[in-house]
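Asks: Residue-level listing of the chains:
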Amino acid sequence: MDIVVCVKRVPTTDTPIKIAADGKSFDPTGVKFELNAYDEFALEQALRIKEQLNAGSVTVVTLGPKAAEKELRDALARGADKAVLLSTEQWVSDSWACAQALHSWLKTVKCDVVLCGKQAVDADNNQLPSRLAAMLGFGCVTEVAKLTLENGTFTAERDIEGAREVLTCKAPAVLSCNKGLNEPRRASLKGIMAAKAKPYSEVPAQLPEPAMAIVSLTLPPARAAGRILGTGADAVPALIAALRNEAKAL
Amino acid sequence: MSNIVVVAEVRAGKLKRPSLEAVAAGLQLAAQNGGKVIAVAVGSGLDAAGADLQKSGAHQVVLIDAPGFANFSGDAYARIVTEQCKKHAPAAVLMAHTAMGKDLLPRVAAALDAGLVTDVVAVGFQGGKFTAQKPVFAGKATLHVQATRSPFLATLRPNNFEAKSGGPATIEKIAAEAGNLLSVVKEVIAAAQDRVPLQEAKVVVAGGRGLKDPEQFKILEGLAAAFGPGVAAVGASRAVVDAGWRPHREQVGQTGKVVSPTLYFAIGISGAIQHLAGMRTARTIVAINKDADAPIFKVADYGIVGDAFEIVPALTKAIAALTASK
Ligand SMILES: Cc1cc2nc3c(=O)[nH]c(=O)nc-3n(C[C@H](O)[C@H](O)[C@H](O)COP(=O)(O)OP(=O)(O)OC[C@H]3O[C@@H](n4cnc5c(N)ncnc54)[C@H](O)[C@@H]3O)c2cc1C
Ligand SMILES: Nc1ncnc2c1ncn2[C@@H]1O[C@H](COP(=O)(O)O)[C@@H](O)[C@H]1O
Numbered sequence: 217m218d219i220v221v222c223v224k225r226v227p228t229t230d231t232p233i234k235i236a237a238d239g240k241s242f243d244p245t246g247v248k249f250e251l252n253a254y255d256e257f258a259l260e261q262a263l264r265i266k267e268q269l270n271a272g273s274v275t276v277v278t279l280g281p282k283a284a285e286k287e288l289r290d291a292l293a294r295g296a297d298k299a300v301l302l303s304t305e306q307w308v309s310d311s312w313a314c315a316q317a318l319h320s321w322l323k324t325v326k327c328d329v330v331l332c333g334k335q336a337v338d339a340d341n342n343q344l345p346s347r348l349a350a351m352l353g354f355g356c357v358t359e360v361a362k363l364t365l366e367n368g369t370f371t372a373e374r375d376i377e378g379a380r381e382v383l384t385c386k387a388p389a390v391l392s393c394n395k396g397l398n399e400p401r402r403a404s405l406k407g408i409m410a411a412k413a414k415p416y417s418e419v420p421a422q423l424p425e426p427a428m429a430i431v432s433l434t435l436p437p438a439r440a441a442g443r444i445l446g447t448g449a450d451a452v453p454a455l456i457a458a459l460r461n462e463a464k465a466l
Numbered sequence: 037m038s039n040i041v042v043v044a045e046v047r048a049g050k051l052k053r054p055s056l057e058a059v060a061a062g063l064q065l066a067a068q069n070g071g072k073v074i075a076v077a078v079g080s081g082l083d084a085a086g087a088d089l090q091k092s093g094a095h096q097v098v099l100i101d102a103p104g105f106a107n108f109s110g111d112a113y114a115r116i117v118t119e120q121c122k123k124h125a126p127a128a129v130l131m132a133h134t135a136m137g138k139d140l141l142p143r144v145a146a147a148l149d150a151g152l153v154t155d156v157v158a159v160g161f162q163g164g165k166f167t168a169q170k171p172v173f174a175g176k177a178t179l180h181v182q183a184t185r186s187p188f189l190a191t192l193r194p195n196n197f198e199a200k201s202g203g204p205a206t207i208e209k210i211a212a213e214a215g216n217l218l219s220v221v222k223e224v225i226a227a228a229q230d231r232v233p234l235q236e237a238k239v240v241v242a243g244g245r246g247l248k249d250p251e252q253f254k255i256l257e258g259l260a261a262a263f264g265p266g267v268a269a270v271g272a273s274r275a276v277v278d279a280g281w282r283p284h285r286e287q288v289g290q291t292g293k294v295v296s297p298t299l300y301f302a303i304g305i306s307g308a309i310q311h312l313a314g315m316r317t318a319r320t321i322v323a324i325n326k327d328a329d330a331p332i333f334k335v336a337d338y339g340i341v342g343d344a345f346e347i348v349p350a351l352t353k354a355i356a357a358l359t360a361s362k
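Sequence lines, in order, name chains A and B. The numbers in the numbering used here rise by one with no breaks, and the one at position 172 of the first sequence is 388. The numbers in the numbering used here rise by one with no breaks, and the one at position 65 of the second sequence is 101.
In isolation and in its complexed conformation, chain A is listed as follows:
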């Protein structure tokens, strides 16, 4: 199976967000970036599928800034065969435009399975995988928490509200990965050395105008300072009273 893993470089989850002077984007100064946490599961799963079949290839692709070379090289060091950067310096938050650009590249490569994270934790869209699947005419299972592959058929499990769904899906398919699917490996020293010789290419992204214009990016209002009602079990009556009379939560 030839597998494409879609990854995105995003601010680390513990970064406080500052708004840029334009009021429409975030200020990247001092922000640390990393591979989107869910994409780590996608990359790991791709490597495991290739190991299981002992055949095929794993290509990582990102639509992102030149700085994402760091995350792509790391993916090569972990075991991916090839990396492609569709480069743009814009912060892409519109999935319609992002999907157009990824789709026009995907059409040019041989690909049986596309693995994604369930969500990129910057714009938190959670929509690219099933959007891409529909564009490609591929089968799709989103938010996969368990996956097996037997005789060319995937069996995937995912959590829905109040239940777990078990689905089957044949390649060609797009699968989006949730936490719990696997434990991602780190790059080994040998992997880092081997990565240097692997194919890495960079092409400008074919990005159309987005389907939505950003009006503003703002910080949410801070929560009003709360009250410590006391210490230990003695404070329970005061809490019950506050929840009933003030918060009207009981």
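Be a bit skeptical, because a hint or two may be false.
Pairs of lysine-lysine, DSS-like flavour, derived with a Cα cap of 30 Å [unchecked claim]:
id : chain 1 : residue 1 : chain 2 : residue 2
1  : A       : K464      : B       : K165
2  : B       : K254      : A       : K395
3  : A       : K240      : B       : K334
4  : B       : K362      : A       : K395
5  : A       : K234      : A       : K395
6  : A       : K248      : A       : K234
7  : A       : K395      : B       : K165
8  : B       : K254      : A       : K323
9  : B       : K334      : B       : K200
10 : B       : K200      : A       : K240
11 : A       : K362      : B       : K50
12 : A       : K362      : B       : K254
By construction, these hints were calculated from the structure, which means they are not laboratory data. As the structure is a computational prediction, the values presented were derived from the model and not from experiment.
Place chain B with the ligands on chain A using the hints.
Replies: Quick look at chain B with the ligands alone, frame taken from chain A:
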């Protein structure tokens, strides 16, 4: 004229509550921009759900009812919903931001070659253009967007729009077949009957590493049960999920679930930024922590400093007494 199509979610014959909220959001849009709100439900055995939708305030209800639609199928549902969207020429298409909404609407958006904004907390029209606000960076910022293409689609965060009632709406039943499926649901393993899904619970009782071991988590189950059946769910911090004390489906936070219940208890949880991302929009937050300097107290409305093992049993007793007196 610019209709609003609302895709309602029906599971096992039951209309999911966030669908009523989506209808209410649709009504708000229709009040601003004109047009009708058309609620579309796909499934099998839709009579009860159809009756509920008729009273939701929607102007028109369309039911696509066939045995082949008994389980959710992204392919089949997307085909039929896309057809309905083309027929009713909506300015906006809305659905709840649930597992089904997240899977389905991007496919419909692709088929309509349209934009989609997900996990939306506010909608409107400005100068005839659809606008929406959504939390980004796990709630650390809010993105306000305006559509540049039409129609525009949106999934709405549950518990953000107040359900309305009205009607009765006209009802139309449409025959259709599921057709060829690329992914097939083989089994739906339901959680224990008495368990409320975390994101639908009015009250979330969440615990962290401060509870010391998985056995002790039982006191939180006791507190949740004290609210009576169907009210409260147990949540967890990532620390305890990683430790294997609780299943991942209970994790609240940036890499877990985002919840906005009426009441959230953070018990033995320090309040790391990634945890706050999952619960900061709860209406009322209560923190119980033995460290008076724990960051959770900065976002909590009410706090008690002290040992959870002493406080939770007392709290459970008080809540149980209240529940019994209702
Ligand atoms: C990429 C990434 C993603 C993440 N995503 C998430 C996420 O989705 N959700 C999440 O929760 N975390 C997430 N985290 C982890 C987060 O940074 C914290 O490590 C985690 O939330 C801490 O869990 P905790 O509060 O239970 O544990 P601790 O931080 O260890 O806090 C335990 C608290 O219990 C208190 N305590 C101890 N004993 C008692 C007692 N007897 N009674 C009362 N209080 C007591 C202590 O004072 C302390 O405040 C993520 C981290 C990363 C790097
Ligand atoms: N710019 C991008 N480049 C490559 N893959 C992406 C990009 N944005 C999103 N993805 C993939 O789509 C998944 C879901 O992202 P999203 O729908 O944007 O939340 C991510 O986890 C990635 O696997």
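Asks: Run every hint past the structure and note whether it holds.
Replies: To see whether the hints hold, each was checked on the structure:
no., hint, verdict
1, A/K464 / B/K165, "37 Å, violated"
2, B/K254 / A/K395, "25 Å, holds"
3, A/K240 / B/K334, "28 Å, holds"
4, B/K362 / A/K395, "40 Å, violated"
5, A/K234 / A/K395, "27 Å, holds"
6, A/K248 / A/K234, "13 Å, holds"
7, A/K395 / B/K165, "37 Å, violated"
8, B/K254 / A/K323, "52 Å, violated"
9, B/K334 / B/K200, "34 Å, violated"
10, B/K200 / A/K240, "34 Å, violated"
11, A/K362 / B/K50, "27 Å, holds"
12, A/K362 / B/K254, "27 Å, holds"
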